[in-house]
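Position chain B relative to chain A; hints supplied.
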Amino acid sequence: MAADCEPTRAQMLELIYGELRPEARAEVDAHVAGCAACRAEVKALESTRVLARRSLAGDQPPPRAHAAIMRAAAAARPAPAPAAAPVPKAAPREKPSAWAWLRGKWTLPTFATVGAVAVFVLASRIFLEPEKTYQRGREGLVPAEEVSAPHTVPPAAAPVPAPAEGGGAASAATVPEPPPSAKPAGASARKRRGAPAARADQPAMEAERAEAERGETGAELLAPPARRAAPPPAPEFAPAPPAAAGGQALDRADDEDRAAAPARNRSFAGAAPAPAPSPRAKAQAAKKAEAPDQETFAAPAASGAAAPPPRSAAARESPVARADRLFGQARWVEAAVAYRELLRDDPRNADAPRWRQRLTACEAAARAP
Amino acid sequence: VDGSRDDEQLLAAYRAGDVAAFEALLARYEKPIWSYLRRFVRHDEAAEDLLQEVFLRVVRDAQDAAAPGWKGQAKFSTWLYTIARNLCVDRSRREGIRRAASLDAASDDGDAPVSLHDRIPGTVRAADAVLADRQAAQRIDRAIAALPDDQREVFLMREVMELPFAEIATVVGASEPTVKSRMRYALEKLRSALADLAGEDGADTPESKGAG
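Residue numbers (my numbering), protein chains in the order written: chain A, 1 to 369; chain B, 370 to 581.
FYI, nobody ran anything at the bench for these hints, they're computed from the structure.
Hints are supplied without guarantee of correctness; some may be wrong.
As the list claims (entries may be wrong) - Here are the in silico distance ranges between beta carbons for each label pair:
id, chain 1, residue 1, chain 2, residue 2, range
1, A, 21, B, 503, 35 to 45 Å
2, A, 7, B, 497, 39 to 49 Å
3, B, 375, A, 22, 23 to 33 Å
4, B, 517, A, 22, 26 to 36 Å
5, A, 60, B, 564, 20 to 30 Å
To be verified - From chain A, some residues computed to sit far from chain B (all C-beta separations above 10 Å):
id, residue
6, 25
7, 37
8, 54
9, 61
Just so you know, these numbers come straight off a predicted model, no measurement behind them.
Virtual Cβ for every residue (Gly too), placed ideally from N, Cα, C.
For reference, chain A alone in the conformation it holds in the complex (with noise of 0.2 Å):
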């Protein structure tokens, strides 16, 4: 390099990006188109440039990002007073962690490996033993029963199997509330079915790790990979907390878990009385009625690992439960997003102070490093 092409070079930024002082430019211009070092300097760095960009150029943001980013945006937009809103600051710290550290611990791999399982299980069943399958069926043996069957379930839970079979298409918004008599029941009766059936979780889950790891091959093909395309919820299996006498006391100092359950049960049960059913379902449902745990065990958790049945999860999923699955989920920005729209459509739904606290919480861990 000539003692004379110095100042180019050192200038040389600002002028293959432009930013050459008007006074600058003239000069350096002159220099570069007499000297060939000083433009092979410059094309050199120019198509570096152009490789480097061709390859930025390529970068798409991902919609599922620009999505939920429209809609925090939207749900945000309205409501400048609400928005500012006295949220009870002081949310019981231990319960709530405890239960978001549990659903984050469990949760996932729980359901991912027991709807492997499921999958595995009624796949094999179907496909190499029909006969075996239907007969069972006739006989009102369930075979996943044997996991939990001490439990018996007494007929008046009849009405709140499974939210996959009975409400057939009726999704938990549009289907009616169930007769004042069926919610304690049904609350009950989840409730003495939820303890034990959390508890055989486990070494059901020890015992079938094994299979499922053999089906893991199919497993994963079923189920989407990204973190975020998370299963659908199945029904939580954790030890459902006893209801409120009759759902209204709602106190705030109340744990929130138990002013959650009310909501959760009418998600679930609602779907169970669909009208008028046919006779079929009918039977069905009688036959429902002698496995409830299998129900309710192996049909969400299956539909949960495998490709989205004709019946979206989604469209069967509530938005309190949404929300809380989201919440559990860990994934605040999503949760705090459905926790804003539920506040914002129902504000003074008796549920509405958790929601504000787990909104807090959510705003809080989002922000949180």
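Relative to the frame of chain A, chain B by itself:
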């Protein structure tokens, strides 16, 4: 999308309840910010979270007048890029990966197949050309990823966000000469990592190669 209004007008409109104005802002900035984030953190899933977080800060800021956000004292874009940059830096610090990543530099054995293809004269079959392009693209990506963090962020701000050096200096909190020197280092590293590609690219237009 909404070319008639500038950023600040769009933000004001969103504050007044116009969600479409927010979407126009998002459309304007999500691509450069996304590119910056994913190239900086080198992890797409994490970058996606950060992308949401950047714009949620805008939402929160617009929602809450008391929020310590954009107050009109600086350009909106500078504020936005500063958020993105700070989130990246925080994350790097948290992950304990804020160290020079130049150890696995791009000048490794990955060069061979591409150079081979590059030397095949004239009539390269289309499949080979596609393969060569893909390998070249991978090499570029690797070379960018291999830049030390401080050089990479300056390079990305210049090339992706198209910020002038003075503004980059504001965002990263360094002097303009420092920023320029980082940029020079970055370009030199990329240049030597991509030397054979760049030479080929400079001599030949991509069209003449693809047409064969």
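Results for each hint:
no., hint, verdict
1, 21/A <-> 503/B: 35 to 45 Å, "41 Å, holds"
2, 7/A <-> 497/B: 39 to 49 Å, "45 Å, holds"
3, 375/B <-> 22/A: 23 to 33 Å, "26 Å, holds"
4, 517/B <-> 22/A: 26 to 36 Å, "34 Å, holds"
5, 60/A <-> 564/B: 20 to 30 Å, "29 Å, holds"
6, 25, "16 Å, holds"
7, 37, "15 Å, holds"
8, 54, "8 Å, violated"
9, 61, "4 Å, violated"
Hint check: violations occur at hints 8 and 9; the rest are consistent with the structure.
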